[in-house]
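What follows is each chain in one-letter form.
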Amino acid sequence: MSTEPSPVPDAMTTLTFTTDLSAVRAMVASHARQAGLSAARVIDLVLAVSEVAANTFRHARSAGTLDIWHDADEIVCQITDDGFISDPLVGTRRPAVDAMGGHGLWLVNQVCDRVDLRSDQTGTTIRLHMFLRTS
Amino acid sequence: MWYNKGVDLLTLTVTARESAGQPYTLVIISGEADVTNREDLRTVLDEEVAQRPSTMILDLAGLRFMDSSALHVILQANRALDRQGGMMALVAPQEAVAKMLRLTTADRLVPVFGTVEDAAAG
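Chains as they are written, first to last, in the working numbering: chain A, 1 to 135; chain B, 1 to 122.
Source of the hints: derived by calculation from the structure; they are not laboratory data. Because the structure is a prediction, the values reported are computed rather than measured. Please note that a few of the clues may not be correct.
To be verified - Over 12 Å on every C-beta distance to chain A, these chain B residues come out as not near it, computed from the model:
1) Val14
2) Asp46
3) Arg52
4) Ser68
5) Gly85
6) Met87
7) Asp118
Claimed, not checked - Per label pair, the in silico range of CB-to-CB distance:
8) B:Arg108 - A:Asp113: 25 to 33 Å
9) B:Thr15 - A:Pro7: 50 to 58 Å
10) B:Leu109 - A:Thr92: 18 to 26 Å
11) A:Pro7 - B:Gln84: 54 to 62 Å
12) B:Gln94 - A:Thr92: 24 to 32 Å
13) A:Met12 - B:Ala20: 52 to 60 Å
14) B:Arg102 - A:Gln34: 23 to 31 Å
15) B:Gln94 - A:Gln34: 19 to 27 Å
16) B:Leu109 - A:Pro5: 34 to 42 Å
17) A:Pro7 - B:Gly114: 29 to 37 Å
Each residue gets a CB set at the ideal place from its N, CA and C atoms; glycine is no exception.
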């Protein structure tokens, strides 16, 4: 049983994307810096969000949505699309370095402090958390 | 023998060079490489691998970002080059690109150098 995700706050930044992953990365970097995340962890978060958005680009049939918010404890990037991930353990096993694909969600799990994934036939929501106090 | 591909996000420039009498192919990859433009990267690398160079150096100094699907394209080119007896080297990755190479351990598969000169000297 997974706990219900905390509600999305009112104050957040939203971007709808299809192919412009560069804009996605720029928005994450800008917001993360403002939130006070360290430079090295900004790089990690940008990498993670870009990998998730790349999955949307490859597998979803419509645009993806990126929502970013933060409080004193953490910054959260939420990516929502209409794709369906059937493997609940996706990204928890390390792929071979030259495996054709499969790195994306594994990388996300390596660099983020917490990853929540919810997927069903109506779509997928992935939340990437970076704790601010440890950075 | 040089050309530029892509005007905005990803720029690829290929030149034929020589170091101590040994020819090598230098590919300068600048901008951002990801799943949306990896086919441009693949086209250029495949064309150069087909020329059967003994050494292919990818200068990453101007590459701000690389995602895992762009890395796969580079690793595929590395494998093709390796099969025909050639060598690939990477040069001067920025922090975000270096992080990707480290996390995937690709930096243990393809040697990374600080400068093109060092890479050409092997």
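Checklist entry - Of the numbered hints stated previously, which ones are contradicted by the structure, given in increasing order? => result Result: hints 4, 17 break, sorted rising.
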